[in-house]
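Trainee: Please take these sequences and the hints and turn them into a complete structure.
Chains as they are written, first to last, in our numbering: chain A, 1 to 223; chain B, 224 to 336.
One should not assume that every hint holds.
[Said to hold, decoys possible] Cβ-Cβ distance ranges computed for the label pairs, FRET-style:
{"id": "1", "chain 1": "A", "residue 1": "P25", "chain 2": "B", "residue 2": "R305", "range": "27 to 35 Å"}
{"id": "2", "chain 1": "A", "residue 1": "D178", "chain 2": "B", "residue 2": "A274", "range": "22 to 30 Å"}
{"id": "3", "chain 1": "B", "residue 1": "T321", "chain 2": "A", "residue 2": "W63", "range": "38 to 46 Å"}
Hint data in this document are derived by calculation from the structure and do not stem from the laboratory. Positions of the beta carbon are idealized from the N, C-alpha and C atoms, including for glycine.
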Amino acid sequence: MKGQGGVSGVGWRCLEAATGLLAPPEREVVLGDLAEMDRGAWRGLGDVLGLAARRQLALWRSWRPWAASFGLTLPASLFLMGWSVAASGAVASLLGEPAQARLLWLSLSRLFLVVSWAWMAGFVVGAVSRGTLWASVLGCCAPCAYCLSEWPEHGLSGLRLLIFVLPGLWGVWRGRRDLQLGLGWAVFFAATATLAPLLWGKSGCWLLWPGWYLAATARRKQE
Amino acid sequence: MVGEFEYLILSAAAHLAEEAYGAAMREVIETTGGRTCSLGALYTTLDRLEAKGLVETWMSAPTQLRGGRAKRMVRVTGEGTRAAREFYQAVIRISRGTAWGESRHNRVPADTA
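Mentor: Structure below.
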């Protein structure tokens, strides 16, 4: 067998790890080709990284990763940070004071809106840019890390940020797996997205697009 | 019309016929074509050719030679054959009368015209 000598050692282990950047079927094909050609693990590593880079570049020719990372994740993480702080602040004040129906309604509705909007945004990011999720993760982490380091005294604790990060991650996971929502859920989230800027009293048409995207791509029942 | 590298891939796949797959095509392009061929260039170009309908690809059964891994087999379609022929004829036509073309002895030298 031609390839037997080259398929062991540190270089080959690095190469196998690098093939994790490729889709599973392509990973098998590439590893097989490299084992058969036996040109050395380091040259093979260059081949794998080159292929992975070309695959990434090809993905970025589409609108999807741009929309997911710059059109949604980056502004949404800034926006949701503010919402999370406001919602958690409202809930905290509610716990410290005698219950008032109006305050209770406002706090719970804001909390619900943060969680559902974060889940919806995460779902859209996961469904729209499965291959470039790393860019969306960067688009979310960078503003969070910046705000946490710059304004720790403004009540921006990691715990408060979790209010949107956890449902967002859950949404990403479901979006990557399912790609589409059922029509009922999609309409629900589109309504939530429409309500969000109204309830917060702020303009923000971009807040609507994830909900409308879900409604437009929703899974209809088979005829 | 196909590009130069696409033409090399179509030609390599046609040469190898039933045995056309990534590693074998790379070997043919490098040894016969005389140019380096990275796996990245090979597979992304194959994807493009497949999207244009010029080749068909499928996964073979795993083989022992490759550590129990499958091959991505390639077959040139009728459309691919036409596209490769068109490229080849264009190269032949444009090369006629050049210093490296087949009919260079028929050219009238500029200083004797």
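Trainee: Now look at each hint and say whether the structure bears it out.
Mentor: Going through the hints against the structure:
For the pair P25 of chain A and R305 of chain B, the beta carbons lie near 29 Å from each other, so the given range of 27 to 35 Å is met. Take D178 of chain A and A274 of chain B: their Cβ atoms lie about 26 Å apart, and the range 22 to 30 Å holds. The hinted window of 38 to 46 Å between T321 of chain B and W63 of chain A holds, with their beta carbons roughly 44 Å apart.
In summary, this structure violates none of the numbered hints.
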